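Number of protein chains: 2
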Amino acid sequence: MTRKSGILYGLGVGPGDPELITLKAARILNSADVVYAAASTKNSYSLAVSIARPHIPDLTPVKMLHFPMTSDQNKKISAWKKNAHILIEELERSKIVAFITLGDAMTYSTYGYVLQYIQELAPNVSVISVPGITSYQAASACLNKPLVESEESLMILSGVNGGDCLRKFAVAPDNLVFMKSYRNVKDIVNCLEEFDLVDGSVAIQNCGLPEQEIVEDVRGLKNSPPNYWTLILAKRKKGDVPQEK
Amino acid sequence: MTRKSGILYGLGVGPGDPELITLKAARILNSADVVYAAASTKNSYSLAVSIARPHIPDLTPVKMLHFPMTSDQNKKISAWKKNAHILIEELERSKIVAFITLGDAMTYSTYGYVLQYIQELAPNVSVISVPGITSYQAASACLNKPLVESEESLMILSGVNGGDCLRKFAVAPDNLVFMKSYRNVKDIVNCLEEFDLVDGSVAIQNCGLPEQEIVEDVRGLKNSPPNYWTLILAKRKKGDVPQEK
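Protein chains in written order, with the working numbering: chain A, 1 to 245; chain B, 1001 to 1245.
For the record, the hints were derived by calculation from the structure and aren't laboratory data.
One thing to keep in mind: the hints can contain errors.
Quick list of the computed label-pair ranges, beta carbon to beta carbon [what the hints assert, rightly or not]:
(1) A/Val62 <-> B/Ile1214: 29 to 37 Å
(2) B/Glu1019 <-> A/Lys63: 20 to 28 Å
(3) A/Asp199 <-> B/Lys1075: 38 to 46 Å
Straight-line C-alpha distance at most 27 Å; calculated DSSO-like pairs for lysine-lysine [unchecked claim]:
(4) B/Lys1222 <-> A/Lys145
(5) A/Lys63 <-> B/Lys1145
(6) A/Lys81 <-> B/Lys1168
(7) B/Lys1095 <-> B/Lys1063
(8) B/Lys1095 <-> A/Lys145
(9) A/Lys95 <-> A/Lys76
(10) A/Lys145 <-> B/Lys1063
(11) A/Lys222 <-> A/Lys145
(12) A/Lys75 <-> A/Lys63
(13) B/Lys1082 <-> B/Lys1095
(14) A/Lys145 <-> B/Lys1081
(15) A/Lys145 <-> B/Lys1186
(16) A/Lys63 <-> A/Lys76
(17) B/Lys1082 <-> A/Lys95
(18) B/Lys1168 <-> A/Lys168
(19) B/Lys1075 <-> B/Lys1063
(20) B/Lys1186 <-> B/Lys1145
(21) A/Lys186 <-> A/Lys222
(22) A/Lys145 <-> B/Lys1076
(23) A/Lys145 <-> B/Lys1075
(24) A/Lys186 <-> A/Lys168
(25) A/Lys95 <-> A/Lys63
(26) B/Lys1186 <-> B/Lys1168
(27) B/Lys1186 <-> B/Lys1222
(28) B/Lys1145 <-> A/Lys75
(29) A/Lys76 <-> B/Lys1168
(30) B/Lys1145 <-> A/Lys168
(31) B/Lys1075 <-> A/Lys82
(32) B/Lys1063 <-> B/Lys1081
Quantities reported herein were computed from a predicted structural model and do not represent experimental measurements.
C-beta: ideal position from N, C-alpha, C; glycine also.
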């Protein structure tokens, strides 16, 4: 009596370098019936699809799901629901659907939202999420500098609203990542100064892309806000190599 | 006059699922002159090498670097230095060396330590670090539950010394990962209770491996400590899907 359902694969395709996709994501792209990507900004459109493209057979349709760039929560929810319905329709037609997302499928991703609505609206559909390399992992690797070691802590924050998301912790973590350090970068850098973290901070723009740029002194960003694809890595302690006592 | 040097590649091979390795790591393994892995525990030995094995040509030597499982800092430093020297020797012989590590190359990895000594002892060698999928990303994907979304915070902690690494923050982050939740899991669960996080917590043992186990009620771990490969994911708020107002 139950209709045979498809499978939704949520695929993180990594941060930009086309080789930083997993074998698993590449295999699934090769066998999917249809590939969806989020069209939130023109950049994210071309980047996620261009990373995935070599693994998608020529005849497989690649479709865009539109998500408005808005702070209006009702408009966002409408878009998530609408897009969840589009995917559910495909799944009810027994399709193997791949939804690709830049970076990791579960880290600040559009897929994460849509997934929650799909689980609510169609709790019985099969969903398989496949992790991807995040931009902050790529940034740390590109600097050859550990993100976190030993018994240290690592905190990941969104920089969209500035430094207050760090200030509320009072104590700084050992290692810190501010994603999306662009619009409110001045307040983020002020906040890093307040926590005495600014000397251990580095900013990376367009990590892994040809136009990548590393900013060693993040104070300079206060007067020239960088672009959307900028993150800041900060370390609380100086990264001195411990010596034998 | 300068001797042609090799290249050291630090490769994260992902959390266990052999398909969660990147195309980049697979390509480098295929072309390396020699592959090194850390032999800290018998498990990590077989797992990292077994993930990498399909990508290593039969004639490429696979060698182990021994790191003592000890809390004696001097012994650790001696091992890091000794192993850094072994790698530097290969690099001075112009070898392409791949050092593989489970998970991500820059997240709580042995490679991270050795890299720092190599940079100190031989600052001119070429090093390229390649990120890998972490266990906590794989755990979140396997649960189909976002790690972090919107303007939330995500904190990664080592559970080796119990809950104090969280207690010092006073305020809990929105999302939390306790890696290595085994020996001191009782104190970790107590700490999650103190922060009212325990109902939003899930433990995963052997994530992505055939013996994977999900523990929905982490309170049960207090009386039966799990194995080394256990992590706990916690969320501060209930993961209710927001509704249109």
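Here is how each hint holds up against the structure:
Between valine 62 of chain A and isoleucine 1214 of chain B the beta carbons are some 34 Å apart, a value that agrees with the proposed interval 29 to 37 Å. Distance hint for glutamate 1019 of chain B and lysine 63 of chain A: a CB-CB separation of about 25 Å, consistent with the stated range 20 to 28 Å. At about 31 Å, the beta-carbon gap between aspartate 199 of chain A and lysine 1075 of chain B misses the expected band of 38 to 46 Å. In summary, the hint linking lysine 1222 of chain B to lysine 145 of chain A is not supported, as the alpha carbons are separated by about 36 Å, beyond the 27 Å threshold.
Restraint check for lysine 63 of chain A and lysine 1145 of chain B: satisfied, since their Cα atoms lie roughly 24 Å apart, inside the 27 Å limit. A distance of roughly 40 Å separates the Cα atoms of lysine 81 of chain A and lysine 1168 of chain B; the hinted pair therefore is violated under the 27 Å criterion. For the given pair, lysine 1095 of chain B sits about 14 Å from lysine 1063 of chain B by alpha-carbon distance, which is consistent with the 27 Å threshold. A hinted pair counts as satisfied when its Cα atoms are at most 27 Å apart, and lysine 1095 of chain B with lysine 145 of chain A qualifies at roughly 22 Å.
For the hint pairing lysine 95 of chain A with lysine 76 of chain A, the CA-to-CA distance comes to about 26 Å; that is within 27 Å, so the pair holds. Taking the CA atoms of lysine 145 of chain A and lysine 1063 of chain B, the gap is near 24 Å; set against the 27 Å cutoff, the hint holds. Using a Cα cut-off of 27 Å, the hinted pair lysine 222 of chain A and lysine 145 of chain A holds, with the two alpha carbons roughly 24 Å apart. Using a Cα cut-off of 27 Å, the hinted pair lysine 75 of chain A and lysine 63 of chain A holds, with the two alpha carbons roughly 21 Å apart.
Among the hinted pairs, lysine 1082 of chain B with lysine 1095 of chain B is consistent with the structure: their alpha-carbon atoms are about 18 Å apart, no more than 27 Å. The straight-line distance between the Cα atoms of lysine 145 of chain A and lysine 1081 of chain B is roughly 17 Å, inside the 27 Å bound, and the hint therefore holds. Proposed proximity of lysine 145 of chain A and lysine 1186 of chain B is contradicted: the alpha carbons are some 33 Å apart, above 27 Å. Note on lysine 63 of chain A and lysine 76 of chain A: the hinted pairing holds, with a Cα-Cα distance of about 19 Å set against a maximum of 27 Å.
The straight-line distance between the Cα atoms of lysine 1082 of chain B and lysine 95 of chain A is roughly 54 Å, outside the 27 Å bound, and the hint therefore fails. In summary, the hint linking lysine 1168 of chain B to lysine 168 of chain A is supported, as the alpha carbons are separated by about 13 Å, within the 27 Å threshold. The straight-line distance between the Cα atoms of lysine 1075 of chain B and lysine 1063 of chain B is roughly 21 Å, inside the 27 Å bound, and the hint therefore holds. Our distance criterion of 27 Å between C-alpha atoms is met by lysine 1186 of chain B and lysine 1145 of chain B, whose separation comes to about 24 Å.
A C-alpha spacing of about 4 Å is found between lysine 186 of chain A and lysine 222 of chain A, which places the hinted pair at or below 27 Å, so the restraint holds. Between the alpha carbons of lysine 145 of chain A and lysine 1076 of chain B the distance comes to roughly 19 Å, so the proposed pair stays at or under 27 Å and holds. With a C-alpha separation of about 23 Å, the suggested pair lysine 145 of chain A and lysine 1075 of chain B falls inside the 27 Å cut-off, and the hint holds. Taken as a hint, the lysine 186 of chain A and lysine 168 of chain A pair is honoured in the structure, with Cα atoms around 18 Å apart against an allowance of 27 Å.
Simply put, lysine 95 of chain A and lysine 63 of chain A have alpha-carbon atoms about 14 Å apart, close enough for the 27 Å limit, and the pair holds. For a cut-off of 27 Å, the pair hint linking lysine 1186 of chain B to lysine 1168 of chain B stands: about 18 Å separates their Cα positions. For a cut-off of 27 Å, the pair hint linking lysine 1186 of chain B to lysine 1222 of chain B stands: about 4 Å separates their Cα positions. Distance hint between lysine 1145 of chain B and lysine 75 of chain A is fulfilled; the C-alpha atoms sit about 23 Å from each other, no more than 27 Å.
For the suggested pair lysine 76 of chain A and lysine 1168 of chain B, the alpha carbons sit about 36 Å apart, so the restraint of at most 27 Å is broken. Proximity of lysine 1145 of chain B to lysine 168 of chain A is assessed by CA-CA distance (about 25 Å); at most 27 Å being required, the pair is judged to hold. The straight-line distance between the Cα atoms of lysine 1075 of chain B and lysine 82 of chain A is roughly 59 Å, outside the 27 Å bound, and the hint therefore fails. Of the pairs offered as hints, the one joining lysine 1063 of chain B and lysine 1081 of chain B holds, with about 17 Å between alpha carbons and a cut-off of 27 Å not exceeded.
Hint compliance for this structure: hints 3, 4, 6, 15, 17, 29, 31 are not met, and every other hint is.
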